[in-house]
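Participant: Listed here are the chains, written in short residue letters.
2 protein chains.
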Amino acid sequence: MIDYVRDPKAIYAQSFATVRGEAALDRFAADEAELAVRLIHACGMVDVAETLVAAPGVVAAARAALASGAPVICDCRMVAGGVIRRGLPGNEVVTAIDDPRVPDLARTIGNTRSAAATELLADRLGGAVVAIGNAPTALFRLLELLDEGADMPAAIFGFPVGFVGAAESKAELAAHPRGVPFATLPGRRGGSAMAAAAVNAAALGLRGDGT
Amino acid sequence: MIDYVRDPKAIYAQSFATVRGEAALDRFAADEAELAVRLIHACGMVDVAETLVAAPGVVAAARAALASGAPVICDCRMVAGGVIRRGLPGNEVVTAIDDPRVPDLARTIGNTRSAAATELLADRLGGAVVAIGNAPTALFRLLELLDEGADMPAAIFGFPVGFVGAAESKAELAAHPRGVPFATLPGRRGGSAMAAAAVNAAALGLRGDGT
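Residue numbers (UniProt numbering), protein chains in the order written: chain P, 1 to 211; chain L, 1 to 211.
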């Protein structure tokens, strides 16, 4: 047998202790610090705390929405797959990326399938927690839908990743959040694990087990 | 409307051109360079090319296995969710993490649920493509199962992430791969997106559409 830590509680405790010990969390309020911790835990990079932008109150806003049964709207299957269902009081976790109408709608609007999937959920945005972990075009289209009059989500966790549009879409969110509480990581880094971790951080305490 | 790139083909082309332009790929053979490109595309970090360890031939070994119908064994739902099914010739994409026997088995073996899930698939490892993007204990347990006589996978894509065991399990894989072709990213970084991207890189060309 190889020598390694097998006890899940020990792994969990050591992991979070390491993150809290190494990450620069002082500039955050308590809820947003916890969000930073969960994001770092998801990606293994403590310097995320240095560039994370988290609007004060975004975690509380997302938590209140989740507590009231708001849906979690995701841009892709991986984000939806990373949302811990047992941490939620039964909220629906939704992505439209597999909706059969998506390919045609994408062609019609001249945009990506991710943008089309976002558009298909336009009438469900009001009060929802939106988690974007893959497609910059999903975040861009979300912001456009708000400009076009869609109801405001309770919170936007904007963590698209990559080399075309990721930095730009997150800069647009941070500069003009359209009145919606948000968190985002500027630049190219992001991903489904971070987007899901943000939702999971907002769900902390809702089921009373502290995880 | 916001000004951004909406055309999926343009996004795709610009993204990969940026990665190829910025990443240090010279030390890799062609297949492994493509693997590096796909990993970088998935995480937004070009410096992944500097530390990636990819055994020569690992991509060809995984591709041959996938072409012959081998299953893709994943440690979690997010990895499974990130494997692009349309790129595969019908291979089964498997994770046992939701198997109802997992919690009891984890207690019995004194290990995590991820390790228990790996153990439940011990008799399916032979010739499989194994993709680990979350749990260090899944990778450790996989290596132990090989030491205990389990049949050898065709390839191991070892990308667990985090602060306890991730660096250690990947170092063990890189130092003692038990004869199995592998790729891994030393250190804390990793994740489901990378593990899935590795499988998707291995699947390139199998369906003839180049994506």
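The set of hints was computed from the structure by calculation and includes no laboratory data.
Be aware that one or more of the hints could be misleading.
Only pairs whose alpha carbons sit at most 20 angstroms apart, straight line, appear in this in silico SDA-like list of lysine to any residue [stated by the list, open to error]:
(1) P:LYS9 <-> L:PRO177
(2) L:LYS9 <-> L:ALA167
(3) L:LYS9 <-> P:ASP104
(4) L:LYS9 <-> P:ARG107
(5) L:LYS9 <-> L:ARG27
(6) P:LYS9 <-> L:PRO103
(7) P:LYS9 <-> L:VAL102
(8) L:LYS9 <-> L:GLY87
(9) P:LYS9 <-> P:GLY87
(10) P:LYS9 <-> P:GLY205
(11) P:LYS9 <-> L:ALA106
If you anchor each label on the Cβ, the simulated ranges turn out as follows [to be verified]:
(12) P:ASP151 <-> L:ARG85: 32 to 38 angstroms
(13) L:GLY179 <-> P:ALA175: 50 to 56 angstroms
(14) L:ASP3 <-> P:MET1: 53 to 59 angstroms
(15) P:ALA175 <-> L:ALA17: 47 to 53 angstroms
(16) L:MET152 <-> P:ASP3: 52 to 58 angstroms
(17) L:ASP151 <-> P:GLY187: 41 to 47 angstroms
(18) L:HIS176 <-> P:GLY149: 48 to 54 angstroms
(19) L:ALA174 <-> P:GLY126: 45 to 51 angstroms
(20) P:HIS176 <-> L:ALA17: 51 to 57 angstroms
(21) L:GLY90 <-> P:ASP26: 35 to 41 angstroms
(22) L:GLY126 <-> P:ASP7: 25 to 31 angstroms
(23) P:GLY90 <-> L:ALA17: 43 to 49 angstroms
(24) L:ILE2 <-> P:GLY90: 31 to 37 angstroms
Quick caveat, the model's predicted, so the values are computed rather than measured.
Every residue gets a Cβ at the ideal spot worked out from N, C-alpha and C, and that includes glycine.
Participant: Taking the hints in turn, state whether each one holds.
Facilitator: To see whether the hints hold, each was checked on the structure:
1. About 28 angstroms separates the Cα atoms of P:LYS9 and L:PRO177, which puts this hinted pair outside 20 angstroms; it is violated.
2. Under the criterion of a C-alpha separation no larger than 20 angstroms, the hint pairing L:LYS9 with L:ALA167 is inconsistent with the structure, at around 36 angstroms.
3. With a CA separation close to 16 angstroms, the supplied pair L:LYS9 and P:ASP104 stays within the 20 angstroms bound.
4. Between L:LYS9 and P:ARG107 the CA atoms are separated by roughly 12 angstroms; this keeps the pair inside 20 angstroms, and the hint holds.
5. For the given pair, L:LYS9 sits about 28 angstroms from L:ARG27 by alpha-carbon distance, which is inconsistent with the 20 angstroms threshold.
6. This hinted pair checks out: P:LYS9 and L:PRO103 have alpha carbons roughly 14 angstroms apart, not beyond 20 angstroms.
7. Between P:LYS9 and L:VAL102, the direct Cα distance comes to roughly 16 angstroms. Compliance with the 20 angstroms bound is thereby established for this hinted pair.
8. Pair hint L:LYS9 plus L:GLY87 holds up; C-alpha atoms about 17 angstroms apart against a cutoff of 20 angstroms.
9. At most 20 angstroms may separate the alpha-carbon atoms for a hinted pair to count; P:LYS9 and P:GLY87 meet this at roughly 17 angstroms.
10. Restraint check: the Cα-Cα separation between P:LYS9 and P:GLY205 comes to about 18 angstroms, which is no more than 20 angstroms; the hinted pair holds.
11. For a cut-off of 20 angstroms, the pair hint linking P:LYS9 to L:ALA106 stands: about 13 angstroms separates their Cα positions.
12. Our hint of 32 to 38 angstroms for P:ASP151 and L:ARG85 holds, since their Cβ atoms are close to 34 angstroms apart.
13. L:GLY179 and P:ALA175 have their C-beta atoms about 53 angstroms apart, which keeps the hinted 50 to 56 angstroms range intact.
14. For the pair L:ASP3 and P:MET1, the beta carbons lie near 57 angstroms from each other, so the given range of 53 to 59 angstroms is met.
15. Checking the proposed 47 to 53 angstroms range against P:ALA175 and L:ALA17 shows it is violated: the Cβ atoms sit about 27 angstroms from each other.
16. A hinted range of 52 to 58 angstroms is violated for the C-beta pair L:MET152 and P:ASP3, which are about 23 angstroms apart.
17. The supplied range of 41 to 47 angstroms is met by L:ASP151 and P:GLY187, whose beta-carbon atoms lie about 43 angstroms from each other.
18. Evaluation of the 48 to 54 angstroms hint for L:HIS176 and P:GLY149 yields a failure: the beta carbon distance comes to about 59 angstroms.
19. Checked against the given bound of 45 to 51 angstroms, the beta carbons of L:ALA174 and P:GLY126, roughly 49 angstroms apart, stay inside it.
20. Distance hint check for P:HIS176 and L:ALA17: the Cβ-Cβ separation is about 29 angstroms, which falls outside the suggested range of 51 to 57 angstroms.
21. At about 52 angstroms, the CB distance of L:GLY90 to P:ASP26 disagrees with the hint of 35 to 41 angstroms.
22. Taking 25 to 31 angstroms as the suggested C-beta distance range, the pair L:GLY126 and P:ASP7 conforms, at roughly 30 angstroms.
23. The beta-carbon spacing between P:GLY90 and L:ALA17, approximately 45 angstroms, falls within the hinted interval of 43 to 49 angstroms.
24. Hint check: L:ILE2 to P:GLY90, Cβ distance near 35 angstroms, so the stated range 31 to 37 angstroms holds.
When the structure is compared with the earlier hints, violations turn up for hints 1, 2, 5, 15, 16, 18, 20, 21 and for no others.
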